[in-house]
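Here is how the chains run, residue by residue.
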Amino acid sequence: MTAVFLGIPTAPRGVGHLRGDQSFPDAARESLRDGQLRANLGHATSTIRAKRAAVVGEVPDWAQLREAGRAIKAATMARLDEHLIALEEQVTARGGTVHWARDATEANEIVTRLVQATGTDEVVKVKSMATQEIGLNEALEAAGIAAHETDLAELIVQLGDDKPSHILVPAIHKNRAEIREIFLRTMPGVDPALTDEPRRLAMAARAHLRERFLRARVAISGANFAVAETGTLAVVESEGNGRMCLTLPQTLITVMGIEKLVPTWRDLEVFLQLLPRSSTGERMNPYTSLWAGVTPGDGPQEFHLVLIDNGRTAVLADEVGREALHCIRCSACLNVCPVYERAGGHAYGSVYPGPIGAVLSPQLTGVEDNASLPYASSLCGACYDACPVAIDIPSILVHLRGEHVEAQTRTSPEAAAFRALSKVMSNPRLWRLAQRAAGLGRFLARGRPTLPAALPPPASKWTRTRDLPTPPAKTFTQQWAEEHGR
Amino acid sequence: VKVALFATCLVDTMVPQVARATALLLERLGHEVVVPPGQSCCGQMHVNTGYRREAVPIVANHVRAFAGAEAIVSPSGSCVASIHHQQADVARRAGEHALAEEAAALAERTHELSQFLVDVLGVTDVGAYYPHRVTYHPTCHSLRLLRVGDRPLQLLRAVRGLTLVELPAADQCCGFGGTFAVKNAETSTAMLTDKMANVLSTGAEVCTAGDASCLMHIGGGLSRLRSGTRTVHLAEILASTEDAVSPQQSTKPAMSR
Chain A
1 MTAVFLGIPT
11 APRGVGHLRG
21 DQSFPDAARE
31 SLRDGQLRAN
41 LGHATSTIRA
51 KRAAVVGEVP
61 DWAQLREAGR
71 AIKAATMARL
81 DEHLIALEEQ
91 VTARGGTVHW
101 ARDATEANEI
111 VTRLVQATGT
121 DEVVKVKSMA
131 TQEIGLNEAL
141 EAAGIAAHET
151 DLAELIVQLG
161 DDKPSHILVP
171 AIHKNRAEIR
181 EIFLRTMPGV
191 DPALTDEPRR
201 LAMAARAHLR
211 ERFLRARVAI
221 SGANFAVAET
231 GTLAVVESEG
241 NGRMCLTLPQ
251 TLITVMGIEK
261 LVPTWRDLEV
271 FLQLLPRSST
281 GERMNPYTSL
291 WAGVTPGDGP
301 QEFHLVLIDN
311 GRTAVLADEV
321 GREALHCIRC
331 SACLNVCPVY
341 ERAGGHAYGS
351 VYPGPIGAVL
361 SPQLTGVEDN
371 ASLPYASSLC
381 GACYDACPVA
391 IDIPSILVHL
401 RGEHVEAQTR
411 TSPEAAAFRA
421 LSKVMSNPRL
431 WRLAQRAAGL
441 GRFLARGRPT
451 LPAALPPPAS
461 KWTRTRDLPT
471 PPAKTFTQQW
481 AEEHGR
Chain B
1 VKVALFATCL
11 VDTMVPQVAR
21 ATALLLERLG
31 HEVVVPPGQS
41 CCGQMHVNTG
51 YRREAVPIVA
61 NHVRAFAGAE
71 AIVSPSGSCV
81 ASIHHQQADV
91 ARRAGEHALA
101 EEAAALAERT
111 HELSQFLVDV
121 LGVTDVGAYY
131 PHRVTYHPTC
141 HSLRLLRVGD
151 RPLQLLRAVR
161 GLTLVELPAA
171 DQCCGFGGTF
181 AVKNAETSTA
191 MLTDKMANVL
201 STGAEVCTAG
211 DASCLMHIGG
221 GLSRLRSGTR
231 TVHLAEILAS
241 TEDAVSPQQS
251 TKPAMSR
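So the protein sequences, as listed, match chains A and B. Residue numbers in the first sequence follow the numbering used here, run continuously in steps of one, and reach 486 at the last position. Residue numbers in the second sequence follow the numbering used here, run continuously in steps of one, and reach 257 at the last position.
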């Protein structure tokens, strides 16, 4: 039998939340019409942008920290296989069990089996992007297990039967009046006199959650970091709900993408400075939980670490795109992105929205399954500047556009036009002719300074909202040649 | 300095007055200007839309057209940024290593207008006169890829008669983004609307920038709204003098010869 190499597998279809039902332009067209969403997002992102800018600005060696973060991630990815084996050894030596999941389906099966083995039918969850990515809650629900989100924003999303729209603040698209309405409608036993005062809302959530924390026998978390040399897992959070999940239940299951590890304990020094300032705009986050395996008589007595690939190895194989795996999920790129701020997170279709989502999701699924995402950017570069590990997101976006174009087997009208234009622009004689032809467009204007607004597609995409200037009778190079006798 | 002017495909074809102003300005400052006739495009639109293979012959043409030029100047931040950051890369990716070397060498001699004036020529007062209320939009590629910083503002502050007003949220993208403006026309327009609101809030008569493409976008929106504010390229402002400046400068360059 001969083996045929079919490429490194990407995240499978039909499971998890990496693919949307609509292309980005179609989804954005709808969300742009939602005035409340635009107001909520504009307010939230500008607030957090200002906070981040202030706390990043006060660190004199931010540029060096950022470079250190980038360098550690690059070095880690270059020897990821070795570090993963080391991590497994350390976790095992400290009484934990490591499970390897090729993809979302396998990861969901592993976690479901582990929960079922405890005999419980409910779990509490720490906010986690990895479990959102693989659609774990739905998989557990199908097995008759209720998963309770305990992060406040994640709880709002879950109660509202909604989808997260931001990496750090999943309910960023909701304002407090909307949150009050969701709580009143869905929270059992909630005080009907609940107001939209943030403190009252937090207290209602607290009462709702406390009961679940005390009852739960199993918790599921993600991880911000895992230290290979010590087998330590790290969760960084603001509310303390994560700490409750990580310490109270008997069993803890942590689901983590294989790219989240750092080689040494010392490396945390860099990331624990970069992350809070970039994400919440705080000097330090309120809660950092660190644990290695199990400690007899203290905290969970059973610990499972589920390492998921789900397309990550395929990303690692792309020498330009692999930088996307350096992401520490701070969401600074979302908060500074003018496209995200207006279209909102749902328009991206994936649990990873914004600039990082636009480079990560298409790589995890294969570009053709998320082909509109690399184009969902004006390439303004604000994301690159804000990224605490200096991921060159604009360059990866451009690279993925190239991958998409080169994956086409049929010639689209766009491709035909670009190919023809390439021939023309690489031949000065043809280019001068083409410029003259473009100049004929001025006859459409009939003496006006702009062309008619009712041009046929694709020009209509421009002229529906913007005027086009009337082309001049002569190009600059033509005028110049005439005046200078060439 | 003998300066080879790269007009860029858009300026050459659509807004020739911007290239003319650049040439006039450089000549007024005592430099010889040549316009290599073989020039067309830097290839940026192809690269950024995903047609990086098709961009290679365009890069080759650009390198041929400017071969031997000692200094190349262009009134476009994003085209210069593409020359600096993309041309050699796409050539190398296509296996055209000799072309990549030539493109990289050419990039080192290629300058965005404000950087050329301030850094290479060492001038901030170019002797311009422009009696208008002006706000400046720092285009994304000038700001973040070329890091032109406050050079355009230094140049504008030295212009006689010019009132410079600060643009709120200046560093936010106008929504142009090349083919983004048509592929994601709605999002692009939403970004443009906010940019226009900020421009209009300044009460400026003129919004200027170092990129004709972004200005075509902002100007196209302002014109559609019948607002009185127009867009004028930085080069046109710097080329204006007491002898040749006109309120209608956006569509009719005052400095014809």
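What the hints contain is simulated information worked out from the structure, not anything from laboratory work. In this text the structure is predicted, and so the values were computed from the model without any measurement. Check before you lean on any hint, since a few could be wrong.
To be verified - Quick list of in silico lysine-lysine cross-link-like pairs, BS3-like style, CA-CA up to 27 Å:
hint : chain 1 : residue 1 : chain 2 : residue 2
1    : A       : 163       : A       : 51
2    : A       : 163       : B       : 183
3    : A       : 423       : A       : 461
4    : A       : 423       : B       : 183
5    : A       : 474       : B       : 2
6    : A       : 461       : B       : 183
7    : A       : 423       : A       : 474
What the hints assert, rightly or not - To list a few chain A residues with every Cβ distance to chain B over 12 Å, as calculated:
hint : residue
8    : 200
9    : 239
10   : 341
11   : 467
For every residue, glycine included, the Cβ atom is placed at its ideal position computed from N, Cα and C.
(request) Hints the structure violates: just list their numbers, smallest first. (result) As far as the earlier hints go, 10, 11 are violated by this structure, in ascending order.
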